[in-house]
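Protein chains in written order, with this note's numbering: chain A, 1 to 486; chain B, 487 to 972.
Some hints here could point you the wrong way.
Under the rule of at most 20 Å between Cα atoms (straight-line distance), these lysine to any residue pairs were calculated in the SDA-like manner [said to hold, decoys possible]:
(1) 254(A) / 562(B)
(2) 256(A) / 72(A)
(3) 740(B) / 562(B)
(4) 256(A) / 594(B)
(5) 744(B) / 107(A)
(6) 256(A) / 596(B)
(7) 744(B) / 110(A)
(8) 742(B) / 110(A)
(9) 254(A) / 559(B)
(10) 649(B) / 629(B)
(11) 744(B) / 108(A)
(12) 742(B) / 559(B)
(13) 742(B) / 109(A)
(14) 744(B) / 112(A)
(15) 256(A) / 230(A)
(16) 254(A) / 621(B)
(17) 740(B) / 73(A)
(18) 742(B) / 114(A)
(19) 742(B) / 230(A)
(20) 256(A) / 559(B)
(21) 254(A) / 133(A)
(22) 740(B) / 587(B)
(23) 742(B) / 107(A)
(24) 163(A) / 179(A)
(25) 254(A) / 108(A)
(26) 744(B) / 116(A)
(27) 258(A) / 742(B)
(28) 742(B) / 133(A)
(29) 740(B) / 163(A)
(30) 740(B) / 63(A)
(31) 256(A) / 122(A)
It should be emphasised that the hints constitute simulated quantities derived from the structure, not laboratory data. Here the structure is a predicted model, which is why all the values come from computation and not from measurement.
Protein chains: 2
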Amino acid sequence: MRGVLSAGLIGLVALSASAAPVFAQNSERYDIPAETRQTAQGLSQTALESDLALDIVTSLTTEVGPRLAGTPQEARAREWGVAKLRELGFENVRVEEFPLDLWTRGHSIYEEVAITAPFPQPLYAISLGGAAATPEAGLEAEVVFYANFDDFEQDAATNVRGKLVFINDRMVASRTGAGYGPANRKRRMGWVIAEDRGAAGVLIRSVGTDTNRFAHTGMVSFPDDRRPNVPILAVSAPDADLIERIAERGETMKIKLKTYAGWRGEVTSGNVIGEIVGREHPEEIVVIGGHLDSWDNGTGALDDGAGVAITMAAAKLIGDLPHHPRRTIRVVLFGAEEVGLVGARAYAIARMADGTVRDHVLGSESDFGAREIWQFSTKVNEAALPAMDAIGRELAVLGILRGDNDSGGGPDMIPLDYMGVPMASLAQNGEDYFDFHHTPNDTVDKIVPEEMAQNVAAWAMMTYLAAELDVDWRQPMEGEQAQPSQ
Amino acid sequence: MRGVLSAGLIGLVALSASAAPVFAQNSERYDIPAETRQTAQGLSQTALESDLALDIVTSLTTEVGPRLAGTPQEARAREWGVAKLRELGFENVRVEEFPLDLWTRGHSIYEEVAITAPFPQPLYAISLGGAAATPEAGLEAEVVFYANFDDFEQDAATNVRGKLVFINDRMVASRTGAGYGPANRKRRMGWVIAEDRGAAGVLIRSVGTDTNRFAHTGMVSFPDDRRPNVPILAVSAPDADLIERIAERGETMKIKLKTYAGWRGEVTSGNVIGEIVGREHPEEIVVIGGHLDSWDNGTGALDDGAGVAITMAAAKLIGDLPHHPRRTIRVVLFGAEEVGLVGARAYAIARMADGTVRDHVLGSESDFGAREIWQFSTKVNEAALPAMDAIGRELAVLGILRGDNDSGGGPDMIPLDYMGVPMASLAQNGEDYFDFHHTPNDTVDKIVPEEMAQNVAAWAMMTYLAAELDVDWRQPMEGEQAQPSQ
Chain A
1 MRGVLSAGLI
11 GLVALSASAA
21 PVFAQNSERY
31 DIPAETRQTA
41 QGLSQTALES
51 DLALDIVTSL
61 TTEVGPRLAG
71 TPQEARAREW
81 GVAKLRELGF
91 ENVRVEEFPL
101 DLWTRGHSIY
111 EEVAITAPFP
121 QPLYAISLGG
131 AAATPEAGLE
141 AEVVFYANFD
151 DFEQDAATNV
161 RGKLVFINDR
171 MVASRTGAGY
181 GPANRKRRMG
191 WVIAEDRGAA
201 GVLIRSVGTD
211 TNRFAHTGMV
221 SFPDDRRPNV
231 PILAVSAPDA
241 DLIERIAERG
251 ETMKIKLKTY
261 AGWRGEVTSG
271 NVIGEIVGRE
281 HPEEIVVIGG
291 HLDSWDNGTG
301 ALDDGAGVAI
311 TMAAAKLIGD
321 LPHHPRRTIR
331 VVLFGAEEVG
341 LVGARAYAIA
351 RMADGTVRDH
361 VLGSESDFGA
371 REIWQFSTKV
381 NEAALPAMDA
391 IGRELAVLGI
401 LRGDNDSGGG
411 PDMIPLDYMG
421 VPMASLAQNG
431 EDYFDFHHTP
441 NDTVDKIVPE
451 EMAQNVAAWA
461 MMTYLAAELD
471 VDWRQPMEGE
481 QAQPSQ
Chain B
487 MRGVLSAGLI
497 GLVALSASAA
507 PVFAQNSERY
517 DIPAETRQTA
527 QGLSQTALES
537 DLALDIVTSL
547 TTEVGPRLAG
557 TPQEARAREW
567 GVAKLRELGF
577 ENVRVEEFPL
587 DLWTRGHSIY
597 EEVAITAPFP
607 QPLYAISLGG
617 AAATPEAGLE
627 AEVVFYANFD
637 DFEQDAATNV
647 RGKLVFINDR
657 MVASRTGAGY
667 GPANRKRRMG
677 WVIAEDRGAA
687 GVLIRSVGTD
697 TNRFAHTGMV
707 SFPDDRRPNV
717 PILAVSAPDA
727 DLIERIAERG
737 ETMKIKLKTY
747 AGWRGEVTSG
757 NVIGEIVGRE
767 HPEEIVVIGG
777 HLDSWDNGTG
787 ALDDGAGVAI
797 TMAAAKLIGD
807 LPHHPRRTIR
817 VVLFGAEEVG
827 LVGARAYAIA
837 RMADGTVRDH
847 VLGSESDFGA
857 REIWQFSTKV
867 NEAALPAMDA
877 IGRELAVLGI
887 LRGDNDSGGG
897 PDMIPLDYMG
907 VPMASLAQNG
917 EDYFDFHHTP
927 NDTVDKIVPE
937 EMAQNVAAWA
947 MMTYLAAELD
957 VDWRQPMEGE
967 QAQPSQ
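Produce the entire structure from the sequences given, and follow the hints as far as they go.
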């Protein structure tokens with residue numbers, strides 16, 4: 001209702017202010033000044049011809065590699081981030097530290113898991129983030145097989161006490177990655193139900209869309225800050241198929257595992273920040289970025305070295321312009337995203353503390369790999385929509401469709417989104433993202449240079465225009481009225 | 487020269503015996519009797535509609551899984567083979583044991599390898615078969631990078647004493663797998679040169695055509711029965727890229743490894759044999775098969791569960807005919823192929839001992855995965871070529887081209903080929919075989935059921951016709967003259 005009402009109000013205001021009283025839906029057309037358009041198009045062209053983002057992600061994955069939140073490797077990644085931002089000419093480069101409860105695998109990226117009955121053979125499996133270790137001598141137990149999470153949730157009758165619960169949901173691949181949420185329930189919540197029923201541990205088919213013999217790791221959920229006391233592991237898709245085949249034969253199946261995972265106490269993580277300072281309103285901030293941490297089994301090239309590299313490269317190209325845009329572009333390389341958006345929360349809390357939340361005029365994160373961008377979505381006040389549509393028209397030459405005005409902006413934007421900061425998102429083709437996500441296979445060779453360059457072009461145009469156009473993207477404060485596009 | 491001469495002789499003989507004196511090159515057309523053709527075509531049709539081969543390879547990889555030569559797992563595979571052959575109605579099912587020097591990884595399928603300088607991060611790597619272990623505390627040494635095997639072989643000047651040699655040859659993918667031999671030189675012989683130069687160990691880019699983060703294992707060579715005293719490992723392609731990138735920066739690179747590989751003394755391996763006994767000439771043998779052993783890191787689905795399954799299924803379908811073919815079809819599931827064709831040699835030696843080498847009228851192995859067959863090659867006496875061409879015409883309906891008359895018959899046929907046994911081969915499309923070969927990713931889900939069924943159809947037709955047609959495929963004995971096709 002509020003949306004409809006304010007749209008009505010905006011329409012009225014817009015009418016009186018409009019030079020060309022042509023209405024498209026609730027709002028008139030906004031035209032980007034010719035010189036600004038030219039600059040944006042020049043940025044796009046430069047980006048398409050540049051290897052900068054590929055160089056950045058190659059540097060990160062070569063010189064740092066895996067960088068689990070809270071580990072010395074993540075600290076090395078922060079040092080890398082500071083040095084790289086300075087090297088690229090960013091201003092106000094700094095680290096904002098925050099405390100983090102450290103979880104690690106404890107031993108190595110190789111975990112020993114095997115079927116011991118009826119057909120002994122090794123499995124490729126990996127502990128999920130937050131899981132507990134097995135007893136020191138390992139754990140061998142009978143397997144209770146569930147075809148999917150719903151079956152498991154609803155089956156309170158079967159006695160799983162002292163047994164290993166296996167949940168076999170399959171994930172559907174798609175451009176949007178929409179299958180991730182449903183398939184991820186078993187990863188996030190399976191252990192809670194299993195532990196409540198006295199299970200000795202939980203195994204799941206990896207949340208992923210590939211058929212490679214890699215297990216996909218990822219964090220479990222901690223409802224009411226509860227932490228697991230049992231081992232929780234993902235097994236590779238071919239191994240899940242094997243377990244399924246054995247289960248179908250109805251014979252007693254046993255699995256043995258030996259894991260060392262656990263919580264290691266409080267350590268330091270941090271967000272790395274750099275800015276292209278605005279020429280007119282340096283206090284107004286367009287915040288973009290990716291997350292710097294990665295899982296320990298891959299090298300975090302797609303997740304999320306790509307997002308780090310794309311947004312750094314886009315901002316650097318904007319910084320190279322003869323004139324900075326009106327507002328400040330702030331690149332944030334978030335720490336500790338994988339383990340629960342810890343860096344994103346710390347960033348938002350720090351902005352509440354320094355009173356600058358409202359200065360964030362737009363936020364957007366790249367955290368979905370490096371395939372081509374196909375859609376541009378926003379969440380801005382309705383009066384500003386025509387200007388965002390105009391940005392959308394510029395992005396169209398890169399093959400990007402205009403999406404809706406309900407964008408979340410990306411995982412690390414969730415806290416800012418919640419606080420009312422306007423959002424934008426440039427959605428990448430995610431049809432094979434979950435082939436590589438959270439596996440050893442997340443390496444830089446999986447990035448297609450031309451597709452990554454298209455990403456940088458889109459980010460450079462969108463970020464530049466969002467920071468340059470004299471339009472307020474924000475929702476009006478209580479008591480204010482939205483300002484129309486100018 | 488001998489070929490040309492005998493072709494001339496055969497031409498003369500063929501002329502006098504021929505009912506239809508039409509010459510194609512040196513020989514007349516051979517027509518398969520109509521009823522026999524019908525039977526062959528019926529077999530093909532049955533095979534195309536059958537899941538038998540897929541069921542067999544699924545059974546092997548599920549109930550046994552990896553089965554390294556000489557291990558208890560390979561012994562379980564022999565038990566499986568005996569039971570499966572009996573279940574399928576084969577006769578004379580038996581195991582022929584032979585002694586084997588056992589090599590194992592010693593610890594687990596996960597080996598600890600990491601770059602320690604300048605950019606510490608773990609690598610996905612695996613010991614090659616025959617390699618020695620590191621010292622108990624592990625081995626850390628500087629890396630000397632070579633772009634390819636030739637560079638390494640020719641560079642006697644560089645001091646590699648106490649260092650780790652890395653060789654980075656890339657393999658070319660193709661339908662025929664022709665790139666394997668050249669790329670494999672570094673795997674087979676790299677250690678010999680490195681050890682002679684005092685190197686502490688050898689690392690190679692995996693011999694394979696994929697970009698997955700799996701290392702490809704495989705046996706090294708043992709010239710003059712010499713065995714390695716140094717660790718020898720393959721690293722995954724993305725990790726080899728990483729090593730290459732670091733090497734290009736010119737900084738000192740160090741790698742640390744800890745491996746447990748080594749020789750464990752003499753054990754027992756064996757070949758499993760089953761027969762479809764011939765109705766007229768039971769003593770004459772068409773020998774087909776695959777190898778039963780596999781590498782320890784995968785499940786040996788493509789290499790060579792597929793070959794075992796395809797040839798067993800083809801022979802079983804022939805055995806189900808109302809009348810067995812004239813000659814015996816012998817299916818041999820060879821042991822210990824991967825570690826040096828030990829089962830194949832044992833089989834050939836046993837046949838020399840029992841005087842039945844000459845009774846082998848044709849040999850052929852399936853050991854190149856389960857993609858569609860595209861070519862039929864032979865090595866038979868020239869008088870028998872028209873009959874093989876006729877078999878080729880039957881195979882053409884499956885999309886199979888007629889190849890030359892210089893087939894080797896497959897790895898486990900090498901000793902029999904050497905002894906003059908006629909050979910045939912049904913070449914599979916190998917363009918992605920080396921994506922999976924000798925990796926954890928060699929699992930049954932990689933097999934396309936329809937392609938495997940085409941394999942069985944081709945093998946059933948070829949094997950049936952080779953055993954049924956009244957044509958002698960063998961080279962004439964000294965003093966004999968080749969018999970023309972009838």
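Hint-by-hint comparison with the structure:
| no. | hint | result |
| --- | --- | --- |
| 1 | 254(A) / 562(B) | 18 Å, holds |
| 2 | 256(A) / 72(A) | 31 Å, violated |
| 3 | 740(B) / 562(B) | 41 Å, violated |
| 4 | 256(A) / 594(B) | 14 Å, holds |
| 5 | 744(B) / 107(A) | 14 Å, holds |
| 6 | 256(A) / 596(B) | 16 Å, holds |
| 7 | 744(B) / 110(A) | 13 Å, holds |
| 8 | 742(B) / 110(A) | 16 Å, holds |
| 9 | 254(A) / 559(B) | 17 Å, holds |
| 10 | 649(B) / 629(B) | 6 Å, holds |
| 11 | 744(B) / 108(A) | 13 Å, holds |
| 12 | 742(B) / 559(B) | 31 Å, violated |
| 13 | 742(B) / 109(A) | 15 Å, holds |
| 14 | 744(B) / 112(A) | 16 Å, holds |
| 15 | 256(A) / 230(A) | 14 Å, holds |
| 16 | 254(A) / 621(B) | 35 Å, violated |
| 17 | 740(B) / 73(A) | 18 Å, holds |
| 18 | 742(B) / 114(A) | 27 Å, violated |
| 19 | 742(B) / 230(A) | 32 Å, violated |
| 20 | 256(A) / 559(B) | 17 Å, holds |
| 21 | 254(A) / 133(A) | 18 Å, holds |
| 22 | 740(B) / 587(B) | 33 Å, violated |
| 23 | 742(B) / 107(A) | 16 Å, holds |
| 24 | 163(A) / 179(A) | 29 Å, violated |
| 25 | 254(A) / 108(A) | 24 Å, violated |
| 26 | 744(B) / 116(A) | 26 Å, violated |
| 27 | 258(A) / 742(B) | 24 Å, violated |
| 28 | 742(B) / 133(A) | 26 Å, violated |
| 29 | 740(B) / 163(A) | 44 Å, violated |
| 30 | 740(B) / 63(A) | 14 Å, holds |
| 31 | 256(A) / 122(A) | 9 Å, holds |
Of the numbered hints given earlier, the model fails hints 2, 3, 12, 16, 18, 19, 22, 24, 25, 26, 27, 28 and 29; all others are met.
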